[in-house]
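S.K.: Sequence:
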Amino acid sequence: MDARINLFGNALAGKVLKHINSANKVVHDSILPVTTQELVKIRASQINGCGFCTDMHTKDATAAGETQQRLNLVATWREAKVFTEAERAALELAEQGTRIADAAGGVTDEAWANAAKHFDEDELAALISLIAIINAYNRVNVIIQQPAGDYQPGQFG
Numbered sequence: 079m080d081a082r083i084n085l086f087g088n089a090l091a092g093k094v095l096k097h098i099n100s101a102n103k104v105v106h107d108s109i110l111p112v113t114t115q116e117l118v119k120i121r122a123s124q125i126n127g128c129g130f131c132t133d134m135h136t137k138d139a140t141a142a143g144e145t146q147q148r149l150n151l152v153a154t155w156r157e158a159k160v161f162t163e164a165e166r167a168a169l170e171l172a173e174q175g176t177r178i179a180d181a182a183g184g185v186t187d188e189a190w191a192n193a194a195k196h197f198d199e200d201e202l203a204a205l206i207s208l209i210a211i212i213n214a215y216n217r218v219n220v221i222i223q224q225p226a227g228d229y230q231p232g233q234f235g
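Here the sequence shown stands for residues 79 to 235, numbered as in the working numbering.
Calculated pairs, DSSO-like style, for lysine-lysine (alpha carbon to alpha carbon, straight line, at most 30 Å):
#	residue 1	residue 2
1	Lys-137	Lys-93
2	Lys-195	Lys-159
3	Lys-103	Lys-195
If you are wondering where the hints come from, they were derived from the structure by calculation, not from laboratory data.
The structure presented is a predicted model; accordingly, all values stated were derived computationally and were not measured.
Work the whole structure out from these sequences, hints included.
M.R.: What follows is the structure in structure tokens.
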């Protein structure tokens, strides 16, 4: 199985991805905990049906020390007792931000207030940016049907 287009071999796509990658690096280097970042990336990728990103971020999270139990429960985080209140707030914001087209009002005031209880303004800015960035990556990979399974941790960085 091959992707519909080789984004890495296309000059225009390469330029676009360079900018998305630069934005991602800013978020990665922010004060938002890396564990929270990976959980958000995994959850958005699951919702969007992006196998490539789900594979990548579960492997990156594992390489960073995340437990298999927590990774197994990301999709059902509401029923799982293994996530902190801050992580749960981030996952809720990620879900609502990812499913924005499905909600007449977008992200609810309740989800925003809950996230604001756990994250300062810089962390919130990073979290919002991360949700937008992972959704962009997901959409690109889903549209081109980027195959999943071959990613190796650290492959792109």
